[in-house]
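Student: Turn these sequences into a full structure, and let the hints guide you.
These are the residues of each chain, in order.
Protein chains: 2
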Amino acid sequence: MKERRIKIAGMGRALAGERLEFDGQTRYRLRADETLLDLEERAAGQALEAASIKIQDVDCIVCATATPLQAIPCNAALLHERMAKGLETPAMDINTTCTSFITALDVMACMVEAGRYERVLIVSGDMASAALNPNQKESFELFSDAAAACVLLRSGEGEGSAVLYSSQRTWSEGAHDTEIRGGCGLMTAFCMNGENREDYYFDMKGKKILKLCAKKLPPFIDACLKEAEIDRSEIRLVIPHQASRALGVIMPRLGFPKGTYFDRVERYGNMVSASVPYALSEAINEELIRRGELVLLIGTAAGLTSNFLLLRY
Amino acid sequence: MKERRIKIAGMGRALAGERLEFDGQTRYRLRADETLLDLEERAAGQALEAASIKIQDVDCIVCATATPLQAIPCNAALLHERMAKGLETPAMDINTTCTSFITALDVMACMVEAGRYERVLIVSGDMASAALNPNQKESFELFSDAAAACVLLRSGEGEGSAVLYSSQRTWSEGAHDTEIRGGCGLMTAFCMNGENREDYYFDMKGKKILKLCAKKLPPFIDACLKEAEIDRSEIRLVIPHQASRALGVIMPRLGFPKGTYFDRVERYGNMVSASVPYALSEAINEELIRRGELVLLIGTAAGLTSNFLLLRY
Numbered sequence: 006m007k008e009r010r011i012k013i014a015g016m017g018r019a020l021a022g023e024r025l026e027f028d029g030q031t032r033y034r035l036r037a038d039e040t041l042l043d044l045e046e047r048a049a050g051q052a053l054e055a056a057s058i059k060i061q062d063v064d065c066i067v068c069a070t071a072t073p074l075q076a077i078p079c080n081a082a083l084l085h086e087r088m089a090k091g092l093e094t095p096a097m098d099i100n101t102t103c104t105s106f107i108t109a110l111d112v113m114a115c116m117v118e119a120g121r122y123e124r125v126l127i128v129s130g131d132m133a134s135a136a137l138n139p140n141q142k143e144s145f146e147l148f149s150d151a152a153a154a155c156v157l158l159r160s161g162e163g164e165g166s167a168v169l170y171s172s173q174r175t176w177s178e179g180a181h182d183t184e185i186r187g188g189c190g191l192m193t194a195f196c197m198n199g200e201n202r203e204d205y206y207f208d209m210k211g212k213k214i215l216k217l218c219a220k221k222l223p224p225f226i227d228a229c230l231k232e233a234e235i236d237r238s239e240i241r242l243v244i245p246h247q248a249s250r251a252l253g254v255i256m257p258r259l260g261f262p263k264g265t266y267f268d269r270v271e272r273y274g275n276m277v278s279a280s281v282p283y284a285l286s287e288a289i290n291e292e293l294i295r296r297g298e299l300v301l302l303i304g305t306a307a308g309l310t311s312n313f314l315l316l317r318y
Numbered sequence: 006m007k008e009r010r011i012k013i014a015g016m017g018r019a020l021a022g023e024r025l026e027f028d029g030q031t032r033y034r035l036r037a038d039e040t041l042l043d044l045e046e047r048a049a050g051q052a053l054e055a056a057s058i059k060i061q062d063v064d065c066i067v068c069a070t071a072t073p074l075q076a077i078p079c080n081a082a083l084l085h086e087r088m089a090k091g092l093e094t095p096a097m098d099i100n101t102t103c104t105s106f107i108t109a110l111d112v113m114a115c116m117v118e119a120g121r122y123e124r125v126l127i128v129s130g131d132m133a134s135a136a137l138n139p140n141q142k143e144s145f146e147l148f149s150d151a152a153a154a155c156v157l158l159r160s161g162e163g164e165g166s167a168v169l170y171s172s173q174r175t176w177s178e179g180a181h182d183t184e185i186r187g188g189c190g191l192m193t194a195f196c197m198n199g200e201n202r203e204d205y206y207f208d209m210k211g212k213k214i215l216k217l218c219a220k221k222l223p224p225f226i227d228a229c230l231k232e233a234e235i236d237r238s239e240i241r242l243v244i245p246h247q248a249s250r251a252l253g254v255i256m257p258r259l260g261f262p263k264g265t266y267f268d269r270v271e272r273y274g275n276m277v278s279a280s281v282p283y284a285l286s287e288a289i290n291e292e293l294i295r296r297g298e299l300v301l302l303i304g305t306a307a308g309l310t311s312n313f314l315l316l317r318y
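Keeping their order, the protein sequence lines are chains A and B.
For the first sequence, position 293 (counting from the first letter as 1) is numbered 298 according to this note's numbering, and the numbering increases by one without interruption.
For the second sequence, position 206 (counting from the first letter as 1) is numbered 211 according to this note's numbering, and the numbering increases by one without interruption.
Hints in this document: simulated from the structure, not taken from any laboratory.
Among the clues, some could well be false.
Pairs count within a copy or across copies, as identical chains cannot be separated in the list.
[Unchecked claim] Under the rule of at most 27 Å between Cα atoms (straight-line distance), these lysine-lysine pairs were calculated in the DSSO-like manner:
id : residue 1 : residue 2
1  : 90        : 213
2  : 210       : 142
3  : 7         : 90
4  : 263       : 216
None of the values given here were measured: they were computed from a predicted structure.
Tutor: Here it is in structure tokens:
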């Protein structure tokens, strides 16, 4: 695969305002006076500032989010209204659920490489709290509401920043292991009744997903590393999707022992599409990753989808 | 802009099974025993057959749809389950509402150009009927449920098929002129009550949209043609989004008189994301477009977004 010469020029992140504790784990949820758009706007503003560019300089706004704010229009149009009203910047959504940010980075690196765009703002974020089922303890205590954003530029002459390799796989035998069945086209809000109310909540079959991941992920990761011609030891830091507390069990099985990957599940839980860019932004801030070093973004998403993207930061 | 050497190798389309007439206009709606996934699967199957490839040969499945079937997972994972269960083909959604197909073609042409994918299945389709408001006559009588699909390949040596130029603009001052406010994150199904029930229906401010389009579209189209260095007379056929019966008024104002563009509003109405690929598929079938000829795909979408994509078929 030809490397795609892009650079993460700036990142930003924002947490919801209500802080909760579940059994030593901290989670954040939207307060009644804030919406996800507030968080997305804050994260995007920080990313622009860090990249030293203005929203007027951005030539594409991408919302890489798992869940819709409204069925129509797309999330990026609503964020555009907050940040870019009066401008003509194109806005689009890219969605592979929890790994949407990795997919968007993969896609937009190709668009930059093809000369279609040069300065892209990618914003991720979800409000899991809108659909958490209080009767499903495992998922109810897992998620946080947050947003994170990234400014992507074409790499300049002499800069080494690039997407070196990327891959995605979807195994739809897991399509119903993580889902919200109700609220949209297949089961509209009008269909809700006393019997099917639970269908409108987020529903996660944790053990089934773990089993499918245990089967599918190791050969996927191995195949990617082989095709990318990269040894695990060359990777400075792995940024996995912060899927659950099982991270500490799964990562070593993928050949990444403690210390080689970033784990903030205790501090934030699963932030859906914001997890990967939020973690990446923190790792950059804490100087755990420096320019020129290799970073691996990986994650699993409802689908079941998994993404692998190797970046020279 | 560098041309991106891709080829539409096959297309397919499917209409919902219930046929209605409104004032001389024919519309199609899903029967109780069918879902949008049935239509998408049919359209995609035709596209694969027309391209003489199998689903096993596809290296990416894209749902370019306006509305979610479920909030989680993405539409492409649910279509994957229908068509590709047991395979590992990556699946993703790309969404700019009604112009999602044009955006997906634009995006995936870049991914093919960058060497990331080679054989892409793009499927569009929406079930407007799930959210039409019987009290809003204009929109209630406008939409049809349908799906359309396309197989995109890298152009072979000596083939001229390519995306020659593409552009998108979003003017978010129109973000709330076409929307479904309720059902998703900002106003969940749980919030529905006797007072806000109308918010869960599709809501279209027809006159406001027309006014914004009349202001924004002519300079956009002119700028695109100029930048693409193409004269209107070189275009074999314009395939516009079949937005409404106003097509016959708007197109001449954009410099495309009757006979230069494809108009099937009377026959099908607005099929949301399926409109453009459905019309393109019909035009190819009727030999109104031949290999090597220039086709212009244009459209407006909730956002307000507009897309322009010039294709050498």
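Student: Which numbered hints are broken by the structure, listed smallest first?
Tutor: 3
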